[in-house]
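Q: Taken in sequence, the protein lines are chains P and V.
For the first sequence, the working numbering assigns the number 309 to the initial residue and increments by one for each residue that follows.
For the second sequence, the working numbering assigns the number 2 to the initial residue and increments by one for each residue that follows.
Hints in this document: simulated from the structure, not taken from any laboratory.
One or more of the hints may lead you astray.
Pair ranges (Cβ atoms, derived) [as the list claims (entries may be wrong)]:
| hint | chain 1 | residue 1 | chain 2 | residue 2 | range |
| --- | --- | --- | --- | --- | --- |
| 1 | P | Ile410 | V | Ser64 | 51 to 59 Å |
| 2 | V | Tyr235 | P | Leu374 | 45 to 53 Å |
| 3 | P | Ala373 | V | Phe165 | 51 to 59 Å |
| 4 | V | Asp144 | P | Val390 | 46 to 54 Å |
| 5 | V | Gly199 | P | Val390 | 50 to 58 Å |
| 6 | V | Arg71 | P | Ile410 | 17 to 25 Å |
| 7 | P | Glu407 | V | Pro185 | 39 to 47 Å |
Straight line, CA to CA, 20 Å or less: simulated SDA-like cross-link-like pairs of lysine to any residue [what the hints assert, rightly or not]:
| hint | chain 1 | residue 1 | chain 2 | residue 2 |
| --- | --- | --- | --- | --- |
| 8 | V | Lys239 | P | Ile392 |
| 9 | V | Lys239 | P | Tyr382 |
| 10 | V | Lys67 | V | Leu29 |
| 11 | V | Lys239 | P | Ile410 |
Cβ coordinates follow ideal geometry from the N, Cα and C atoms, glycine included.
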Amino acid sequence: MIDAIPMGETLYELAIVVLIVFGLFFTFVSAMGVLRLPDIYSRAHTASQTDTLGAGLALAAVALALGWQQATVYTVLLLFFVFITNPTAAHAIARSAAESGIEPWTKDSESEEGESK
Amino acid sequence: MAAERVLVPLSDTVTVRQTVGYAVQSGLESGEELHCHLVVALPHEADLPESRQLTEEAAELLSKAKNWVREDAGSASVTVETSLLGTDEYLFGPRDFAGAFDDYAKEHDIDTVILDPEYQPGATAQMLQSIERELDAVGLAYDEAPVERPARHERLVGDGTEHFDRLFATFWISYAFYLVLGDPTYWFDLVTGAAVAGIVSVSLAHITFTFPLDRVQSPIRTVRFAFYIPYLIYEIVKANLAISIVILRPSMPIDPTMARVNARVRSGLPLLALANSITLTPGTLTVRADDQRLIVHTLIPSAREDLFDGALERAVRFVFHGREAAAIATPRERGDTEVLGGDDR
Chain P
309 MIDAIPMGET
319 LYELAIVVLI
329 VFGLFFTFVS
339 AMGVLRLPDI
349 YSRAHTASQT
359 DTLGAGLALA
369 AVALALGWQQ
379 ATVYTVLLLF
389 FVFITNPTAA
399 HAIARSAAES
409 GIEPWTKDSE
419 SEEGESK
Chain V
2 MAAERVLVPL
12 SDTVTVRQTV
22 GYAVQSGLES
32 GEELHCHLVV
42 ALPHEADLPE
52 SRQLTEEAAE
62 LLSKAKNWVR
72 EDAGSASVTV
82 ETSLLGTDEY
92 LFGPRDFAGA
102 FDDYAKEHDI
112 DTVILDPEYQ
122 PGATAQMLQS
132 IERELDAVGL
142 AYDEAPVERP
152 ARHERLVGDG
162 TEHFDRLFAT
172 FWISYAFYLV
182 LGDPTYWFDL
192 VTGAAVAGIV
202 SVSLAHITFT
212 FPLDRVQSPI
222 RTVRFAFYIP
232 YLIYEIVKAN
242 LAISIVILRP
252 SMPIDPTMAR
262 VNARVRSGLP
272 LLALANSITL
282 TPGTLTVRAD
292 DQRLIVHTLI
302 PSAREDLFDG
312 ALERAVRFVF
322 HGREAAAIAT
332 PRERGDTEVL
342 GGDDR
């Protein structure tokens, strides 16, 4: 935890803002990825993973903003569970896609017919 | 058929005695003479000190089983051979066990394998995929012994200290979690927390921990896991940046491929930790985990290279087995990697 008092309020707030900005950035990239990537497997990458860091950084910013209190503990726990459940969900999606027999998009399939654009 | 040759893999289960009995009985029915091969397949890392005890237990089980065969055979002519498998190689998961049985069967001209329905190789190896399927895959004929067995939970109740350890661990973990959510200084929360943790531990202890806990190792693993988390976060941030750059570039230079990695971690919790970590790291996504064969979808080449370098695998080995276990060859050096798909599909 960053100590608020000796470092000054501004630095503390700056840390929160930086975390939020990065969180937003990764969430934005995640959304971009879902839109731009070609197939379900590669979309599952960004939908879950970039989002994990986006949500993670935002939650870290919330924890900093709340300071040292009970709700912060909940936020950290939330962070922890997001980090466990997110890959599990991504794996479930990818696995069911594989079991339904969806072929992953490759560089070659683009030149042929541009499969699932 | 003059002589019937059967292979009986043994493990310490409640039904092992009946399985041996069935093997002898059915073997004598179909042939005049019976060659009974009793084997115990040891799980990986038999040379570690903690596994030495396992080896001794295996030898004991073999000698006990030998006596059972003599008992059941009576006056019929039965030859018994016992053997320990997997002492000089690493056996991971059912596929390796099936392979080891197959090698043994070829060497000794075995007709069938008599399988114990409760068969669990080693004390801790957890089965994700059944050994039956793997035996089918290697083309080895097997016969499952018809046994009567008590329900699984009774066996767990029967094992005193192990059961207590699970209860103890589940109780304190759930109690701690309850108090984190509640107020540890408020008497009401302390009392209700104890009650809830009691109910949770009694009803869920044997589900939470499907492997035997170790009083020394388990806390140490928890501490090592705490070291693992910052490393994992560093890896996640690093990979996230790499992926973000790729996505934001207008040309989007992605190269999605399926890759297969044979991970050298034990099934169950270590495998879960590894598969989850791989998925958490952007650019790699675990699609399937058939025991130690992980099918991973990789988005960009650099993520694939990292995967084949096996840094996460080493880290997970460090968490569960300590520092010496972490120093193993990379999957690439072991030849455990393979890029799937492409033209051969």
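Q: It remains to establish, for every hint, whether it holds in the given structure.
A: Evaluated hints:
{"no.": "1", "hint": "P:Ile410 with V:Ser64: 51 to 59 Å", "result": "holds (53 Å)"}
{"no.": "2", "hint": "V:Tyr235 with P:Leu374: 45 to 53 Å", "result": "violated (25 Å)"}
{"no.": "3", "hint": "P:Ala373 with V:Phe165: 51 to 59 Å", "result": "violated (44 Å)"}
{"no.": "4", "hint": "V:Asp144 with P:Val390: 46 to 54 Å", "result": "holds (48 Å)"}
{"no.": "5", "hint": "V:Gly199 with P:Val390: 50 to 58 Å", "result": "violated (29 Å)"}
{"no.": "6", "hint": "V:Arg71 with P:Ile410: 17 to 25 Å", "result": "violated (57 Å)"}
{"no.": "7", "hint": "P:Glu407 with V:Pro185: 39 to 47 Å", "result": "holds (45 Å)"}
{"no.": "8", "hint": "V:Lys239 with P:Ile392", "result": "holds (19 Å)"}
{"no.": "9", "hint": "V:Lys239 with P:Tyr382", "result": "violated (27 Å)"}
{"no.": "10", "hint": "V:Lys67 with V:Leu29", "result": "holds (16 Å)"}
{"no.": "11", "hint": "V:Lys239 with P:Ile410", "result": "violated (30 Å)"}
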